[in-house]
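Engineer: Protein chains in written order, with my numbering: chain P, 1 to 165; chain U, 1001 to 1567.
Do not take every clue at face value.
Claimed, not checked - Computed list of lysine-lysine pairs in BS3-like fashion (alpha-carbon distance at most 27 Å, straight line):
1) P:Lys72 to U:Lys1307
2) P:Lys67 to U:Lys1307
3) P:Lys72 to U:Lys1180
4) P:Lys130 to P:Lys111
5) U:Lys1333 to U:Lys1307
6) U:Lys1227 to U:Lys1346
7) U:Lys1307 to P:Lys164
8) U:Lys1187 to U:Lys1227
9) U:Lys1110 to P:Lys13
10) U:Lys1333 to U:Lys1187
11) U:Lys1227 to P:Lys73
12) U:Lys1310 to P:Lys67
13) P:Lys67 to U:Lys1067
14) P:Lys73 to U:Lys1187
15) P:Lys3 to U:Lys1310
16) P:Lys67 to U:Lys1180
17) U:Lys1348 to U:Lys1567
18) P:Lys164 to U:Lys1561
19) P:Lys73 to U:Lys1223
I should point out that these hints are in silico values taken from the structure, not numbers from a laboratory.
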Amino acid sequence: MNKFVIAVYVENKFGVLTRVTSMFTRRGFNIDALTVGETERPDFSRITISLSGDGYAREQLINQLRKLYNVKKVEVLMDDAIKRELMLIKVRYTSENRADIISAADIYRGKVIDYTVSEMCVEVTGEPTKIDAFIKLMMPFGIIEMCRTGIVALDRGDSSLFDKE
Amino acid sequence: MKLTGAEIIVRTLIEQGVTDIFGYPGGQILSVYDALYKYRDEINHILTAHEQGAAHAADGYSRATGKVGVVFATSGPGATNLVTGIATAMLDSVPMVAITGNVPCNLIGKDSFQEIDITGVTLPITKHNYFVNDVTTLKDVIREAFSIAKSGRPGPVLIDVPKDVQTALCEYEDGERVAKIPLPAPKSEDLQRAIELINSSKRPYIYIGGGAAGLGLGEEIVKFAEKIDAYIGCTFMGLSAIPTSCERFLGMQGMHGHYASSTAQDNADLIIGIGVRFSDRATGNLNRYAKNSKIIQLDPDFAEINKNVKVDCGVIGDVEIAFRKISAAAEPKDLPQWRECVEELKAKEAEYEKEVESAQGERLTPKFVINTINKNKPKGTIIATDVGQHQMWTAQYADFDMPRRFVSSGGLGTMGFGLGAAIGAKVSSFDDTVVLVTGDGSFGMNLNELATAVSHNIPVIIVVMNNGVLGMVRQWQTLFYGRRYSNTVLTDRKTDFVKLAEAFGAVGMRATTREEFEDCFKKALKLNDVVVIDTFIDKEEFVLPMLPPGGSIDDIISVVKDGEVVK
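With the sequences and hints as input, model every part of the structure.
Structural biologist: In structure tokens, the structure reads:
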């Protein structure tokens, strides 16, 4: 099982995301994460899909995506693509472990963005593995709630995926 | 010129060459029906008994001609009644445009009376669909829908139009009929690889599917088979692509395929698939399918390559171009050993058929029914079926002389498809005879469409193979469920199909012997009316050979006696 990231340009129209996700359900694809947002082109949105599977699953997913109307471009990102994810995580603290949490956040280049008498909220950005590690680190303190965006990713270099042949 | 949305719909359909529409009116599509009234001299609407029948009719209309079938329905239940028909078209890649009315935009999302999110419902069973909330986009949406329905791998497209969009005014100008978007040319390296595989093959088998059935390549494929000394088999959906009388043609392979065709495919060292998708009913157990052979797959749909079966050479794009290039470049061959092998299989099959026939004696059998149809039917006759044993018997024994003469639901296997589809096929090809072969189970599902055939003077001959049971399900119960006949017995229904036909204003006949059936069928051909022939067959008749589900060619069941597998 490999993990891979697929970027999809879709027409920025009502209901397009449903078409994409409905296809996943119908074809039995299990998605790890999916993000969607605006792009440099106002008429198109970019969907970033993270998926674990073998070569067969990857080929099928790409083929079925390419068959959908409203889907303009489907590309598997390179292994060395820039991948980032953002997480907000609320942790319970006590006077004893408060400094530990803050220094952990510091080491992970995180920011404390909310702070009350018993909990703090940390914002962390990075590769998914880094986010995973930070979650693991916070577990003993008591995670109240957390939220991850899923991966956004771009290939390195000066080209745009949209123009890729 | 300013027109209402409803008029734009009808005008755009006329512009796209539509001459016949099947449908059923209702509250939220009334404006469109009002526009149909205005244009009634230019476009013909056939009112069916049920929206499902209308969808199947549009489907049958398309299968018989390749034209895009068009169906109308109102919102809510009207739209949901189309669902089975749309899914049937989707699974068999039939081009269709379905137009549904919906509640006005300001009532959308409020659970209004007869409101349903039909674009949501049909998302996984359409090639594409549209919800039109702006009248200015309506005409282009319809044009695009036609283009999508017929281009590439064809399929159904649904357009949902709220009532206020139907009544809104908008500037309209007639446009051009949209052409098919040309398929990409096949890659030359793929063609080269295919030609190399063919040149080095010693036992080639050409395998025709639904993607080739409508192309009219029949004669060229036969010539190609002669050139490279190959034999031809087909999938269920590939039937009627090759004239049955052709010496090189072995018939359908697969779960209920001909022994020679399935076995020859298993013995082949190269399968040349043209428009096939290697469905489970065709391949059986994939781990044991085509283990000794290389596979070439020609298909317009890139997503079909390597989906079900890993192929050695996929040629994506225009199948006609790909086939012609390959067939022209392949070297002629002489393969006496292969011919000998297949001729032996054919002889074995003929012997088996003879044995079966002699065991049957003089009783009225499904094979006799189909053979009688074969013997008497005029050239170009369309044979439609429902789903079940009768369908497989038809697939095994019916003769075809032209492409698009077999109208049957393959992928979805929709019982109740037949009568609507037969009506649609007849409307599209009015000069050709249409025979529907159905069963008492399937016919019972949508026989209300007899009213449609009678009221619109659409003469179809309906042969009901009546065995008083749900035969195919019962066959599985016999073979795999210890003869526990749970809910497959229909004899308690006491339906008299002759009286029923008469009640609908059709002609009813009954046949219990061979002579009676032959007599009825000949009479029916002369009548040029809607005729139902209630044809009694024995419930112990099985569809054989049978490759059990998940099995392979070695597990083939060829003789069943008293409910037990003999061999």
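Engineer: Compare the structure with each hint and give your call.
Structural biologist: Hints, verified against the model:
1. P:Lys72 to U:Lys1307: 22 Å, holds
2. P:Lys67 to U:Lys1307: Status holds; Cα separation ~14 Å.
3. P:Lys72 to U:Lys1180: 19 Å, holds
4. P:Lys130 to P:Lys111: Holds, at roughly 15 Å.
5. U:Lys1333 to U:Lys1307: With Cα atoms ~31 Å apart, U:Lys1333 and U:Lys1307 exceed 27 Å; violated.
6. U:Lys1227 to U:Lys1346: Between U:Lys1227 and U:Lys1346 the Cα gap is close to 20 Å, so the pair holds against 27 Å.
7. U:Lys1307 to P:Lys164: 25 Å, holds
8. U:Lys1187 to U:Lys1227: Satisfied, since the Cα-Cα distance of roughly 23 Å is no more than 27 Å.
9. U:Lys1110 to P:Lys13: 22 Å, holds
10. U:Lys1333 to U:Lys1187: 25 Å, holds
11. U:Lys1227 to P:Lys73: 42 Å, violated
12. U:Lys1310 to P:Lys67: Within the cut-off at roughly 20 Å; holds.
13. P:Lys67 to U:Lys1067: Roughly 22 Å between the alpha carbons, so the hint for P:Lys67 and U:Lys1067 holds.
14. P:Lys73 to U:Lys1187: 21 Å, holds
15. P:Lys3 to U:Lys1310: Status holds; Cα separation ~22 Å.
16. P:Lys67 to U:Lys1180: 16 Å, holds
17. U:Lys1348 to U:Lys1567: 14 Å, holds
18. P:Lys164 to U:Lys1561: 64 Å, violated
19. P:Lys73 to U:Lys1223: Violated: P:Lys73 and U:Lys1223 sit about 41 Å apart, past 27 Å.
Of the numbered hints listed earlier, those contradicted by the structure are 5, 11, 18 and 19.
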